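J.: One letter stands for each residue in the lines below.
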Amino acid sequence: MLVEATGLCKSFGATRVLDGVDLSAAEGEVLALLGPNGAGKTTIVRILSTLTRPDAGTVRIAGVDAVREPARARALFSLTGQASAVDDRQTGRENLVMMGHLAHLGRRESRRRADDLLERFDLTHAADRRVQTWSGGMRRRIDLAMSLVGGPRVLFLDEPTTGLDPAGRATMWDTIGDLVRGGTTLVLTTQHLEEADRLADRVVLVDGGRVTASGTPEALKTLVGGDRLEIRVADAAGLRRVADLHPAAVVDREGRTVTLPSDGGAAHLHAVLDELRAAGVAVDGVRSARPTLDDVFLALTRPASPSAPQPVAAGTAA
Amino acid sequence: MTTALAAPAVRHTGARAALSDRLTMSARSLRLTSRDADTLVMSIVLPVLLMALFVYVFGGAISGRAEYVDYVVPGIVLLCAGYGAASTAMVVAADTTSGMVDRLRSLPVRSSAVLTGHVVASVARNALSTAVVVGAALLMGFRPDAGPLEWLATAGVLLLYVLALSWLAALLGVLASGVESASALSFLMLFLPYLSSAFVPPETLPTALRAVAEHQPITPVIETVRGLLTGTPIGSSGWLAVLWCGGILAVAVTAAGWAYRRRGRT
Ligand SMILES: Nc1ncnc2c1ncn2[C@@H]1O[C@H](COP(=O)(O)OP(=O)(O)OP(=O)(O)O)[C@@H](O)[C@H]1O
Ligand SMILES: [Mg+2]
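As you go down the protein sequences, you meet chains A and B in turn.
Read in my numbering, the first sequence has 270 at position 254, and its numbers run on one by one without any break.
Read in my numbering, the second sequence has 165 at position 122, and its numbers run on one by one without any break.
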């Protein structure tokens, strides 16, 4: 494991923020920390990146004990934190060249890398303007670019796409994809489930300072059940009849939909429709839905009260 | 493009890397300060205003204006250094609470390099202020009788004083929880020159204040500068000034580095 943390605990005053967090990322892997506001994601990233000292627990980065030997660990990773870490009163190029000098690359190499990164992040046109005049999306991009100057083996990204528009987010995802193909190991935090689903090899769900679930996005989805069928029924009587036929179904009265577990196959769909026609239930529409990380997230971070309706799948698979 | 990401084989330890980090951070702070219009304007306008205030407003009331100019210039130079240091405390506090500091701290860069950068910028700002004060003083009738050697010695004493004050300001800036508290903490630095021999001879002060004035670090520095520039007797002030400044410098450098490292690892 390139990044390995065990038993991380951290309290600020009397508030226990982390309570025994374990996680690891193998070389070249993308690990996403997913959790609601205040779950402790930033605190975890700050501990991994030696900015915060854990009360208990160990952190190893490429075998180096990051708690005991922070200086050695720092040569192995870079951090793009949640807050912007760019000098506003320097130009984009100056910021990048400075990072090159701090990475001890030498003058010429620092300049060359700055040019490369400006190009790669589509910032060349603004390179010689002070960052204070840049848009939020451009600032987020240079923030990441600055973390890449030293060619880190491990990259910690705390909410890399917060504040980006959909196009900016897509570009950031592409960039992150490139990094991963180049062999960089990534630990990122996000509140966008779609982002975790798309980027991560493995997801760690964090809530209230604990890991509530972890695994591949697919494995997590099976935790809240497999494929299902959403049937929209024409009237309330029909709704009751379906509920009688399928006691396990989840009924949403307002939306007049019934959700049934399914194997995702056409045969099951036909069987259900035939059965409903036989029972005289008028069906308005049918959707085949796969669980999304949204479902996992909602199911595992905010245990629903018994009366609350089962969360309805947000996305649908054709 | 992926070539840009290949991990370079470089060393981050050793004296060369340490020196390089200090130079890089100094260049950063100098660049930032040269673009910080507010702080820069203050460090030029304030000395001129103070000079004019003391010479034209108080100078007439206190005694002969010409003699008072000669008396008061060293005090104003030091007062301005105090203001310069106060702004350094605020710059350091702002930087230490910004997101940038997390980035710098997560790099294999010695933490003292960041503070060294701030102090270099502070000394540069103060050198500018001091040049402006002396220039303004000369225009307003200041007539020093110092030769090249005395000017050089003056520059040396002032440099030591400004260095000590800048590191002290850096320490306060790191200890402060924000820019406002940094400015509150550095209040003392602005206030001390008034309780010294800067503007009135200590003999004229009430006994309690006089004791403060005679035993605080600013008085020997002022007496030394005054002696070097206008030929008043220096006596023991010279080595007292060097001792005070050297002592403050040593303590502040150590404490600031310690506080900076500590503060990061909450
Ligand atoms: N320095 C600190 N002092 C006191 N409490 C803190 C400190 N840092 C974090 N906390 C608390 O720890 C908890 C976890 O914070 P953290 O920033 O790690 O959450 P997060 O998962 O990153 O949230 P978000 O999604 O909003 O960024 C919060 O309740 C926060 O108030
Ligand atoms: Mg956070």
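Mixed in with the good hints, there may be bad ones.
Distance ranges between label pairs, derived from CB positions [as the list claims (entries may be wrong)]:
| no. | chain 1 | residue 1 | chain 2 | residue 2 | range |
| --- | --- | --- | --- | --- | --- |
| 1 | B | LEU92 | A | ARG84 | 51 to 61 Å |
| 2 | A | THR149 | B | THR140 | 15 to 25 Å |
| 3 | A | GLU85 | B | LEU92 | 45 to 55 Å |
| 4 | B | SER77 | A | ASN53 | 31 to 41 Å |
| 5 | B | ALA293 | A | ALA99 | 45 to 55 Å |
| 6 | A | GLY79 | B | VAL294 | 50 to 60 Å |
If you are wondering where the hints come from, they were derived from the structure by calculation, not from laboratory data.
If you're wondering where the values come from, they're calculated on a predicted model, not measured in any experiment.
All C-beta atoms in this analysis are idealised placements derived from N, C-alpha and C, irrespective of residue type, glycine included.
J.: Now tell me, hint by hint, if it's right for this structure.
T.: Verification of the hints:
For the pair B/LEU92 and A/ARG84, the supplied restraint of 51 to 61 Å holds, since their beta-carbon distance comes to about 53 Å. Judged by the Cβ atoms, the range 15 to 25 Å given for A/THR149 and B/THR140 holds: they are separated by roughly 23 Å. For the hinted restraint 45 to 55 Å between A/GLU85 and B/LEU92, the CB-CB distance of approximately 52 Å keeps it satisfied. Roughly 40 Å separates the CB atoms of B/SER77 and A/ASN53, a value that falls within the hinted 31 to 41 Å.
Checked against the given bound of 45 to 55 Å, the beta carbons of B/ALA293 and A/ALA99, roughly 35 Å apart, lie outside it. Between A/GLY79 and B/VAL294, the C-beta spacing of about 39 Å breaks the proposed range 50 to 60 Å.
Of the numbered hints stated above, those contradicted by the structure are hints 5, 6, listed in ascending order.
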